[in-house]
Amino acid sequence: MTAKGNLAEPVRAELGADGRLLSADAPLIRLNRQCGGIDGGQLAIPQLADLVRLSKRLGMNLSRSAVAANEESTIEMWVKTRIPGMNGPGSVGIEITEWQESEAPAEDSFSLQRQRDLDRLNGRGSVRTDASLRIMSIFLPGRPEIAAGMVGQMLWECFETLPGGQGTGVADAIEERQPIRNQLMQRTGQASEKYAFSGQPLIDGGGIFSGYQFSLEREAATEAEAADGAKDRAGLIGDSLFGQQLAPALRQPLDKIIANAETISNQLVGPLRGNYSDYANDIAAAGRHLLSLVDDLSDLEAIEKANFTVAADDIDLVDLAHRTAGLLAVKSADHQIRIDVPPEEREAPAKGEFRRVLQILVNLVGNAIRYSPDGSVIKMQVRQDADTISLLVTDQGDGIAPEDQAKIFEKFERLGRSGDGGSGLGLFISRRLAEAMDGSLTVESQVGKGTTFTLTLPARQK
Amino acid sequence: MADRDSQNRPQYGRELLQRAANAARSSVSVADDLSAALSPRSDVRFSDRMLSFSRQFLQSVVSHVEKEVCKTAIEHFEAADETLAAIAGSDRVHSYQLLEQAGALENRQLLKYVFIQAQKVELSSRLVQKISRSELESILTRYLDHDNKPIAEAAMQFLVAQGREGTTSDTVLATRESLPAEILHGLIWPISAALAKLSGSGESQLIAASRKILAEHDEGQSAARCAERLAQLLNASDDPAIQSPHPLLDGVELFVARLASMARLNAGQVYTFTAEERMARLIVTLKALGIEPQSALSIHASLDGNGESLTAASYQEIDAQDARHLLQSWTLDPAYQAAKHALDIPISGQTDR
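Just so you know, the sequences run in chain order A and B.
Position one of the first sequence corresponds to residue 1 (UniProt numbering), numbered consecutively onward.
Position one of the second sequence corresponds to residue 1 (UniProt numbering), numbered consecutively onward.
Any given hint might turn out to be false.
Said to hold, decoys possible - Reference excerpt, derived from the structure (chain B facing chain A, CB under 8 Å, subset only): (1) A181; (2) E182; (3) D218; (4) E219; (5) G220; (6) R264; (7) L265.
To be verified - Straight-line distance between alpha carbons at most 25 Å, and here's what the computed BS3-like set of lysine-lysine pairs gives: (8) K56/A with K212/B; (9) K340/B with K112/B; (10) K112/B with K56/A.
Unchecked claim - Covered stretches of chain B, as calculated for chain A (at least 3 residues, CB under 8 Å): (11) 207 to 216; (12) 232 to 239; (13) 333 to 341.
Keep in mind that the hints were calculated from the coordinates and are not lab data.
Note that CB positions come from ideal geometry on N, CA and C, so glycine has one too.
Go ahead and model the full structure; you've got the sequences and the hints to work with.
Take a look at the structure:
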């Protein structure tokens, strides 16, 4: 989070002849990271990179205004370039004499963060553009090296529209600032790399369009790849009907059912009688339940596959606890449940796959919300041991009897409960995922006194 | 007499031959000229005054740049050519004709810049008919004592730059300092080449002088950039005493810069809006920004030169959402907008869909 308002001191940066950011003041480093840049890498703030390129091409110093944006703020700057910079011929110096931040999109940073976490949880990518459709940040699952090179380029330079998706042309939809739904696009010149784009226009506090936030889902390029992809997702059953055919075939229509039901229930296309809106809500809820069942079954197959592996990302359990609370904020608010998280400044560095740990925590806190009384509190706490680090999720629910505590980690075990939206697979999957990351998932509970689930992972040396 | 005639005849003959050769070359484009005159492709109509100003302004810019290149070549790089020395001390333009014949001035970016200067003068001259010059000059000093130091400093720089460029009156002096970097870069090399051709020597000194001028150029000193900077600060300020942009309060240049900053357009776009028929895009921009009807009417009246009036009823009839959509489409990357127009894809708000 950068400081709001006008910075009194100029913000400076030096770029080498190869365009790499050699040094910069803190606000610029932060903005560069938020735009997808890395320290010591190419300048990733598109508006500044444009000015630097122009300055180098002309061989002249420039003085211009520039407006950049991250997901929290719009930053208006007065930028001066100086060539050569302090690092010899070809280098460029930047001095920003006014740095004024203001709240940017009406869609607040919290919901953008939440959407991005949801995308990553579901294995989807995301793209954020500015008002001129220049890519500000991008996450392509499994393609970080390609994504880094796209920051600063126009969306149309990186992706080509393909037939399919929504009826009206995507260019017209963007022109009219309409939401985009399942528009098929391919990475420019890469026919084998197709994505379904869905996105919303972002409108800032002044009512001005400030860009798009897209979610994107990789499409299988060929039938063979589709089958391979399904196999990857469905390791256990392998050649089974579900793994190869049903899961991918079910997801797409379920997505459409949920999206259309939500459109109807939110009355986006016109007013409805109250009970019709409720019916649409029920349809969307049922669709989401089916979709989570499909996801659980796919995960079940995947984790039972002999060669199932997880990535060892550098993660922070406090950060993940905050993201989990963000993802489930609406659900907990519906039940007036408060989620207490560790203080943001506390650090809990661990090793584990970001997406899988988030999945475990969403499952644990989701269960806690489901089985806790309205108005209660769910606590997330961190515990550091010698080589491990743990996150504890404690609720104020009815608790679990000692004889049932082992059973809850078994497949399809519901302890006699039904109709609450659960599949009986979540804890089984979560424990297997924790073990795959060299960790563990345990439970402690007393009937009538609540339950504590403890996720333990290898600690990471900072 | 007969002797004199016979002496002049060869020169006359050579001149006629040269004219004939030039005519053959230039008349190839006669159809293009007629087509542009009969079927202009833009909504903008050029008055004789604007055309005259544009020609003079362009000549003046070339004159300033060529003079400075020659001076720098002589003072810093020991150029000793007599022609260059004469140009350095002359108030007349020397390379213009050569550049014009070579088509070196038919540069879209340069011509657009000249058009913006012409429109700026046009608007300023309309404004001084509605407000006294002394009033206009006094209101421009009102930010000098502002409590916010950056605003006061930026206002002072703007005032100084305006004084240098003469933009407080109804003209704009062409100076090298006032040129944006791209325009100076685009002009200085053809001018240097023309000077080398005219002088027949001193090429390396002219190149070195051009490089020095480019390296030392500070476009941040121009009135346009100073106005942009002040506009950015004023628009970001939460001081309730700072009023909405208005030509009668800010003058043309600052008003345009403030409106452009608020709408995320560039100043050139706003000047173009003011030159279009009925200033339709300017009105839509005001509506999209939520400018109150009375202010919008007053802004329109102070910039209008054709006696057309905007009524409160017609301003209120404009759908604010449609206006915002249109404004947003104008903020898109210019290359994208140009490609869309070239592909003839309907623009929202202009179709019968």
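Structure-based check of all given hints:
1. A181: holds, 4 Å
2. E182: holds, 7 Å
3. D218: holds, 6 Å
4. E219: holds, 5 Å
5. G220: Holds, about 3 Å.
6. R264: Given a least distance of 6 Å, the restraint on R264/B holds.
7. L265: violated, 11 Å
8. K56/A with K212/B: holds, 15 Å
9. K340/B with K112/B: holds, 20 Å
10. K112/B with K56/A: Judged against 25 Å, a Cα distance of about 23 Å means the pair holds.
11. 207 to 216: holds (count 3)
12. 232 to 239: holds (count 3)
13. 333 to 341: Satisfied; 3 residues make the cut.
Checked against the numbered hints given earlier, this structure breaks only hint 7.
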